[in-house]
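If you want the building blocks of each chain, they are given just below.
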Amino acid sequence: MVELFQIAAEAVGAVVKRFTTLSDAAGYVTSAVGAATVAAPDLPPAVRRVLPELTLAAPADFAVAGAGISVARAGIAATGSLLLELSDPTDRSATALPPVHLVFLDATTIVPTLADLAGLLAENLNRPAPVYLSLTTGPSRTADIERVLTIGVHGPKELHILMMEGDATWTRD
Amino acid sequence: MDKGLIQQKLDNTFLRRALKNFAAAYPVARAKAFEGMDFEELRGRISDFKEGGLEQLPALVEQFTASAEKAGARVHLCTTPDDANRTILEIIRSKNADFLVKSKAMTSEEIELNHYLEKNGVSCLETDLGEWIIQLAGERPSHMVMPAIHKNKEEVAELFSRETGRECPPDIPSLVQTAREALRSGFLTGQVGMSGANVAMADSGTLAIITNEGNGRLVTTLPRTHIALVGVEKIVPSLTEALDVIEILPKNATGQKITSYVSFIKGPTGGDGRELHIVLLDNGRLRLAADPAFREALKCVKCGACANVCPIYELVGGHVFGHIYVGGIGLVLTPFFHGFDKAEEILKLCIGCRKCNEICAARIDIEGLIVDLRDKIRKPFGQKFLFGTLMKNRKLFHAALRTAYLAQKPFQGAGGRIRHLPLVLNRETANRSLPPIAEKPFRDLILEKPESRVPDSLGPVHGSGSREKVLFYSGCLADFVYPEMCQDTVTSLEKLGYTVTFPQNQTCCGIPARYSGEMEVARDMARINTDVLLKEDADYVVTICPTCTMSLKHDFGKLLADEPVYAEKARRLAEKTFNFSELAARKAGSRAQTPGLKTQTPGLKTQTPGLKDPGPEKTGETVTYHDACHLKRGCGVHEEPRKVLRELAGVEIAEMEDCDKCCGFGGSYSIKYPEISQEVLKNKLETIAATGAKTVAVDCPGCKLQIEGGLEAAGSPVKVEHSATLVAKMIG
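So the protein sequences, as listed, match chains F and B. All the letters of the first sequence, read from the start, carry residue numbers 1 to 173 under my numbering. All the letters of the second sequence, read from the start, carry residue numbers 1 to 732 under my numbering.
Think of the hints as simulated: they come from the structure by calculation, not from any bench. One should not assume that every hint holds.
[Said to hold, decoys possible] In the SDA-like style, the derived pairs of lysine to any residue whose C-alpha atoms are separated by at most 25 angstroms in a straight line are:
#1 F:Lys17 <-> F:Thr108
#2 B:Lys70 <-> F:Asn126
#3 B:Lys70 <-> F:Glu123
#4 B:Lys153 <-> B:Gly255
With the rest of the complex left out, here is chain B:
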């Protein structure tokens, strides 16, 4: 991605303010719009019928075509953008027309219709206010629903003044009035009108169009010929499904319960001389619908919510974060609609926080698709050695990390921080920031403390009788950078009644490779770790890095799905893998049974039924909690860490605003896009400071690294601690 363009957007104060204000206002409006509704249920239904529809898309296209033609419409299925452009031109020419009046259609942007028609002597008028603004500016939409969100009123006033030939003041109501007056004659004289459609119903051949301004109704009413340009994936079986889309779309898009207008159009209305042409656009959709790995992308209803919540979009806008379709789903659709060359750079812009997955109206795994698509793009120079040779060999990889400890020494103290271990070893990034790798990794330290691995040394267990056995999977970052965090984990788990073992042959979880599109390497890592972690008989595998948890729990199964033996192993591993806070939280309700746990009633070791749990001593400390993206949205864990902090670490929690918003780390992202990463971090630091807490609790070594780095650089005394450390402090 063009670094100059990124910086330009980051420096654009209007854009930054506009997007930030929107990011703050959107969730409030959205929550209100969904009040009393079950969002999960609704989007689950949408996901299901969209999935079902895609599996039989050719049949739906056929059915829709037959129904619409029966109602008098003419349906044109167009394979390529060229076909669609040509077909539309022919329709316009057949009416002896040279002027097309349009309401908003992203499909028209997709095929660059205006450009084609103008070249062929047909003038086009965009009548959606936002689209008109960007048409006058000669730009493309920066948001699917609010195309001109990047333009301020002064810029709009200038464009309108130039267009109308009279001075337009930068006053929004008066600018809107100017648009109303200026575009009126377009509606009244347009010979052919064009719209998109938000949903199409196969059984009746009806189109539904969801709009606010009223231009959609005018372009489908005043001109005698109406062309609707519709992506084939918009076809659903019937009205029942269409109503679900109409229900969810405005709420998710702009936080409106419903838009001002929803029009249902079946056939050409108005009698003789009236025509309705439905141009169904394929442009790769039918092939994509037949591809089980990526077809999910076509479930999109184009609400734009994935952009609304994206922390990167919030900083750089849609002209950087997307091509024609923007936001998370824009990244996914671009390679299929516009080719991989257009997608290569933008696919790297996703930080992987999964906010989009949480909000998607069709429950698409947007982030997962982005990661899978990276496998298909060209890899940067040097990456092959790093992942292909180094990472695949654990001993070599770990030896390199040990060497890095020595290599970093002359550079330490200057604030140079590690961003992501494997990539630090990459020549391209090594000179940017060297990691504060610990002198001794945890894997060495634990060998020096053999007693901690002998269950008998821990004293008797009350209650359950026997200790459950836990294999500790630390993850590279904690192992080599935060060995004390690993120690604290072992201490806490042992005090909570578990036996902890650290398998020495564990290696990188493979996420850095997967995120860099090196699927084969990721597969190797999955096999190695699966073998290592299933070799010993244990009740649980516990991790302290949510990215590792996600990898072990979800990605291994996906990566190894085609290898029956490993797929089964991955399933078994997934079943017993938990994040530290999940396992610790199980003991929160029965702390009094835990030996060594300080309670308010010293000496009380066994829990009497009916006796109120005395709870731990309160430290009196107040912490604020940052939800790691991969813990909350990758593993669905967000209550447990709070329970652990309150009940086991004995602290109060002062919640920060946007507690589950990304900190900007994103593994190697912070090295590839430090300028973006730092801006995301800035927001996080502000919300932390606003709580007044002196400690930020996290459950992720990556978040600790990032937030700690930011706080240190800002000279803040606020500390960042992993929950395991806070628990160990209390009960250790």
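With the rest of the complex left out, here is chain F:
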């Protein structure tokens, strides 16, 4: 399933990196982000602990941040898609405005197809509170000029999926 997910995600232009420890993943984040500021309003405490040197951008400055970081709730193997729960508009902006989007994904949450995600989606949508869920598949794209596929229009130009194959219970914190 992990392999299928990786193939599908890469086919649509995502970068997939597989890690067994959070510190390895943190190293990748550091090298990918460099010195840029980061839009990461909802980072789990465990990630913040291993990435103390990150310069977090204020929400008002997300438009000029170098990257956004988020945590996926689930993945779909057939399409390489990520399910993100982004009911807070600030969380949403962090995944929509910066040119690079890094997403942590717990490999055990990957399901085969969209239909297999129905239960989780319904659980979220049937709660009384307002909710905003986002299925993200690859970077932002367009083919509106002469049908030439071009990556990176209004959303991120790069999508990096950090697939956690070891203990990743922290993603649910």
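Given the coordinates of chain F, assemble chain B onto it according to the supplied hints.
This is chain B only, laid out in the frame that chain F set:
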């Protein structure tokens, strides 16, 4: 339709190339996206729940409204475009705003929202790249999913240069980057954001938005007020149905397994000061949903696939082939959303090939709806006499055709070809091309050969013992233009073990009348032919024109549905009506039983169980096969003709590319729109030439007429033959 505009589009080389490339690339990408999935099953489900939803649409609207409001959204049901425009303006004004930042919504095009808002002091910014391009150009979308497919990069560069005030080179990645930078401030400063929605869920009040560029997420996130403009037909009961729509839409639209973003929005997120207004647009939908004859049109999920596969759209684009909604379904929706005056001309542009029906994500009978809608539009002058007086009287009609044989004589030899018999007799079209009507129609020839109608003269039948009886329904075109094709049919069927009778009182199947919107005349024809063909007791009725087959098999039942006695007769007729290739194919497996059939083992007359069928002599000839639209998609027949050709005619088949794509005939279409018809034909001739075959086999006299005409005009030696002729040649 404005002939000048059609010609302008046909002459637009960029448009032609863009659409042609897309038409070629789309099926490949689409097939890959659907890999491992059962498209028919999926669209069958969609068709079912959409149908069910439309029957109780008012209840769904109510349920959705309650759920969405419970989640904190405000729902506004708007009856007319005016109501919707006004409501949206009021929401914007209530926020003291004068700027609306938009992601793509076809509903907004439908109500011409931008125009209305600009007039009232609100500026609008389209942020979907394609929509922005056409907003800058002051045009309307030419495709539902790719609105600016008609614009080339040079035109886009010019528009962007003008807008940004700096020189933009015609380089696509850099143009996309320009759009990203130029539109950013719009997202960040827009006070109110607007989106459409692809599906709305009644049980939870959730909207789902399917996008690629990421602008949809921005306009529903950055502005504190979000307005979603949604057609009421987008409401489905629950997430289960919504997921089916999300599953099929991107695959059918652009050949993507899924788009970059699918957003599920329930209520206004973000706490205080955040508002979600859902403007539900009726604009005739609720009334249409209550109309059992046409409600099917609202099953549309707006994937645009019907345009992607349409041979006419491929030539002229969406600015001709549609109004605001384009493609096949655009033709159908226009009269209901925008009035019949807007639909009158475009409804005539459909050639009737049914490619759209085959691909439709909701299994809508798009072509059938287009034909039914023609009944409701004004009829051209002269048509009343043709259909009302002439066609209704068989003797008069056939006498006119015989006269036409004489009248055409002085004009023959100049390449003037018949396009469709009944209309040839119309004064409007008579001077354009006169038909090579045969000196003696088949109906006369068969009377001169009475022996062919006497079963005993055919010799004994082996195997089954008795010959099955077939009534031959030739269709006008074969009868009056290709009598030899009819002879070949009789010869083949007799040699294959059938007894053939030709009922003299058969008349036109009524399709030309139906396609011209003369439903009453078509109904008359259906009654006459039903009576004639059921009068004699026979096992089968066989046709050699797929359009006639379709008419006898499907249309008669539909036309006569309200007359119990005739409806029953039509059902009986439909049951026993088959196309030649279907009936012939039944004998393909047991050829050795067939008297007179040349086999590789002369003298072998009876089939020994277990003995391998020796097969016919091979002619060594290679033919290519053109699937007639009405045979493949009208009758669902495409394997049988190949079986007949290989096993009974003894030929090899070299398949041409797009073998089931229309040849451009379309009956009277080729007279009404010769410029379009000829361009469609050109594509067909190219694919034929590429096979190197010397013969094109067809199962339709109309296709033969069209393709033969094209080949002759091009000086090609390639022949076009009906399967019945090739079979007769082999076993006759």
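Structure-based check of each hint:
1. Restraint check for F:Lys17 and F:Thr108: the C-alpha separation of about 15 angstroms stays at or below 25 angstroms, so the hint holds.
2. Taking the CA atoms of B:Lys70 and F:Asn126, the gap is about 12 angstroms. The hint holds against a cut of 25 angstroms.
3. At roughly 17 angstroms between alpha-carbon atoms, B:Lys70 and F:Glu123 fall within 25 angstroms of each other, so this suggested pair holds.
4. Taking the CA atoms of B:Lys153 and B:Gly255, the gap is about 22 angstroms. The hint holds against a cut of 25 angstroms.
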